[in-house]
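> Now for the letters of each chain:
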Amino acid sequence: MSDPQHDPILDQAWVLSPSVALRPEPFGALAYHFGNRKLTFLKRRELVVLVETLGEHPDVRSALVAAGVPEVEYGAYCSALHSLAGTDMVRPRTREVAA
Amino acid sequence: MTAVQERPVGGSLVDQFELGLDAPICLTWELTYACNLECAHCLSSSGRRDPRELSTEQCEAVIDELQRMQVFYVNIGGGEPTIRPDFWHLLEYAVDHQVGVKFSTNGVRITPERARFLASTDYVDVQISLDGATAEVNDYVRGPGSYDTALTALRNLQEAGFEDAKISVVCTRENIGQLDEFKALADRFGATLRLTRLRPSGRGADVWDELHPLPGQQKVLYDWLIAHGEDVLTGDSFFHLAAFGEKLPGLNLCGAGRVVCLIDPVGDVYACPFAIHENFLAGNVLSDGGFQRVWQASELFTELRSPQTGGACAKCSFYDACRGGCMAAKFFTGLPLDGPDPECVRGLGESALAGERTVPPASRDHSKAAPTRNQPVMLTLLSRPPVSACAESPLADYAPGAPEQKGCCA
Ligand code: SF4
Ligand code: SF4
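Chains as they are written, first to last, in the numbering used here: chain A, 283 to 381; chain B, 1384 to 1793.
Everything labelled a hint here was simulated from the structure, so no lab data went into it. Ideal Cβ positions, reconstructed from N, Cα and C, are used throughout, including at glycine. Please note that the accuracy of each hint is not assured.
[To be verified] Below, computed lysine to aspartate or glutamate pairings styled on EDC-like, alpha-carbon distance capped at 16 angstroms:
#1 A:320 - A:370
#2 B:1630 - B:1606
#3 A:320 - B:1613
#4 B:1566 - B:1614
#5 A:325 - B:1398
#6 B:1485 - B:1546
#7 A:320 - B:1505
#8 A:320 - B:1547
#9 B:1485 - B:1475
#10 A:320 - B:1508
#11 A:325 - B:1401
#12 B:1698 - B:1721
#13 A:325 - B:1405
#14 B:1549 - B:1570
#15 B:1602 - B:1629
#16 B:1549 - B:1613
#17 B:1485 - B:1505
#18 B:1566 - B:1547
[Claimed, not checked] Away from chain A, derived, C-beta distances all over 10 angstroms, residues of chain B:
#19 1443
#20 1729
#21 1736
#22 1743
[Claimed, not checked] Examples of chain A residues toward chain B, derived with CB under 8 angstroms:
#23 303
#24 305
#25 312
#26 319
#27 323
Assemble the whole structure, with the sequences as input and the hints as a guide.
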């Protein structure tokens, strides 16, 4: 595997899936996907800020910077995004034009 | 709004769930106590409509509130919810207000036409109750004809193109041997199997001794779940079996009043659908300022979310996984709430059941006063004591214009 700190996703544009609603909870937030009915728990506030603001940034890296995530943790956040992508909670923005 | 309280950051989700959430994630809403069937083990002792059941407008107001609270989906049940004349309207109203619906039904109103409507609607999930993979086993507890009704509903859904219906099975002594058959049945209908635990709630209290799986069957069930657990749904049914070894998929804690709750047909809010008893009544959506107030501020729920002691279970090496099991199962068998589950896999429940205990009398009962032709054989075999004074009169159901009988619905 490549270096987790340099996951290619860092340079890609992503967005919170339009079918997902976030409900704030004391521990972070609960994400619900109205399409596939999956429920996911976002257990850190920084992760909540990150997924909420992904769409406002040109790439994941700048969203991480804006959310105040320290660089050493980028790897962990990238793998969180990958697993969220597995249930379409977040998705890459690039395909939209083609779709 | 969250009460500002000391709350540890991080930790496992289960730790967070124990402290409660701003809104439930497993909300059951029973729309009516009326039912066409008389299942022997009905968790809500349903049968007859309660005259105080919420009106259409009141139900819409509840849905509006759920939308504001971002309760993303609700499990609708009863009674038989589809026999409410406004059921289909409320279903659409909920979906239009971002409250997805999963409803449980015995299938009686799932006609080909309704099935087509359901297939065309997003955010609606249908769960058909079936407690035997054969008519013989099913109808013994659910009543004559109920197997055919359920299978017809499943066929109608499949033919209409409805995908992934759920078949919901209460695991009993009679059907543990049919787990593979249930799975095959679900596969045949393109459905997902859901297995749940028989709790001694409602009329379940009357038949629990006869129907709850025997210790050896618990192990069979556990092994089956370990082998198939990823493909079947179980909710929070079997975490007490985790003490056999591994944790099972599903919710591994008693979520009552923390992440789970029930709104009953008259708007009463209980800690759990299996805990319809005044001891677990948190308030009422009409008289206590709405569901959100009750959920976030009731005394009972605050207490359920406070740290609990493991009592007699605390020393058990399985406590982390099992957490003493199901509150409702303990309560309705007269066991202490901080002790072992009646089906504790270490056998501690059995010894507790053999000891001194007082089974609490039912505090809510909407059973039909006189048996009908839908009554399951099981009930006719049991010499069930009359549930209340009015049930003793064979004419109770036939007195025209009689005032609502006190004692049945109170
Ligand atoms: S009381 Fe039992 S059924 Fe209710 S939430 Fe707790 S474990 Fe589940
Ligand atoms: S003693 Fe308590 S914690 Fe241990 S297995 Fe039995 S019910 Fe579960």
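> Now look at each hint and say whether the structure bears it out.
Hint check:
Of the pairs offered as hints, the one joining residue 320 of chain A and residue 370 of chain A holds, with about 9 angstroms between alpha carbons and a cut-off of 16 angstroms not exceeded. Taking the CA atoms of residue 1630 of chain B and residue 1606 of chain B, the gap is about 12 angstroms. The hint holds against a cut of 16 angstroms. Using a Cα cut-off of 16 angstroms, the hinted pair residue 320 of chain A and residue 1613 of chain B holds, with the two alpha carbons roughly 15 angstroms apart. A distance of roughly 9 angstroms separates the Cα atoms of residue 1566 of chain B and residue 1614 of chain B; the hinted pair therefore holds under the 16 angstroms criterion.
The suggested pairing of residue 325 of chain A with residue 1398 of chain B holds, with an alpha-carbon distance near 12 angstroms, which does not exceed 16 angstroms. Taking the CA atoms of residue 1485 of chain B and residue 1546 of chain B, the gap is about 13 angstroms. The hint holds against a cut of 16 angstroms. Distance check on the hinted pair: residue 320 of chain A and residue 1505 of chain B sit about 14 angstroms apart at the alpha-carbon level, within 16 angstroms; holds. Taking the CA atoms of residue 320 of chain A and residue 1547 of chain B, the gap is near 14 angstroms; set against the 16 angstroms cutoff, the hint holds.
The suggested pairing of residue 1485 of chain B with residue 1475 of chain B holds, with an alpha-carbon distance near 12 angstroms, which does not exceed 16 angstroms. About 13 angstroms separates the Cα atoms of residue 320 of chain A and residue 1508 of chain B, which keeps this hinted pair within 16 angstroms; it holds. A threshold of 16 angstroms between alpha carbons decides the hint, and for residue 325 of chain A with residue 1401 of chain B the separation of about 15 angstroms falls inside it, so the pair holds. As the CA atoms of residue 1698 of chain B and residue 1721 of chain B are separated by approximately 12 angstroms, the hinted pair is consistent with the 16 angstroms bound.
The suggested pairing of residue 325 of chain A with residue 1405 of chain B holds, with an alpha-carbon distance near 15 angstroms, which does not exceed 16 angstroms. Simply put, residue 1549 of chain B and residue 1570 of chain B have alpha-carbon atoms about 11 angstroms apart, close enough for the 16 angstroms limit, and the pair holds. Between residue 1602 of chain B and residue 1629 of chain B, the direct Cα distance comes to roughly 12 angstroms. Compliance with the 16 angstroms bound is thereby established for this hinted pair. Between residue 1549 of chain B and residue 1613 of chain B the alpha-carbon distance is near 15 angstroms, which keeps this suggested pair within the 16 angstroms criterion.
Between the alpha carbons of residue 1485 of chain B and residue 1505 of chain B the distance comes to roughly 11 angstroms, so the proposed pair stays at or under 16 angstroms and holds. Simply put, residue 1566 of chain B and residue 1547 of chain B have alpha-carbon atoms about 13 angstroms apart, close enough for the 16 angstroms limit, and the pair holds. Even its closest Cβ contact with chain A, about 20 angstroms, leaves residue 1443 of chain B beyond 10 angstroms, as expected for a residue assigned away from the interface. With a cut of 10 angstroms on Cβ distances, residue 1729 of chain B stays outside the contact zone with chain A, its closest approach being about 31 angstroms.
Listed as a non-interface residue, residue 1736 of chain B keeps its Cβ farther than 10 angstroms from every Cβ of chain A; the least gap is roughly 36 angstroms. The claim that residue 1743 of chain B is not at the interface with chain A holds, since no C-beta of that chain comes within 10 angstroms of its own (minimum 34 angstroms). Among the interface hints, the one on residue 303 of chain A holds; its C-beta lies about 6 angstroms from the nearest C-beta in chain B, closer than the 8 angstroms criterion. Interface hint at residue 305 of chain A: satisfied, since its Cβ lies 4 angstroms from the closest Cβ of chain B, which is below the 8 angstroms cut-off.
Checking residue 312 of chain A against chain B by beta carbon gives a least distance of about 7 angstroms; that is within 8 angstroms, so the hint holds. Because the smallest distance between the Cβ of residue 319 of chain A and any Cβ of chain B comes to about 7 angstroms, under 8 angstroms, the interface hint for this residue holds. With a least beta-carbon distance of about 6 angstroms to chain B, the hint placing residue 323 of chain A at the interface is held under the 8 angstroms criterion.
Every hint from the earlier list agrees with this structure, and none is contradicted.
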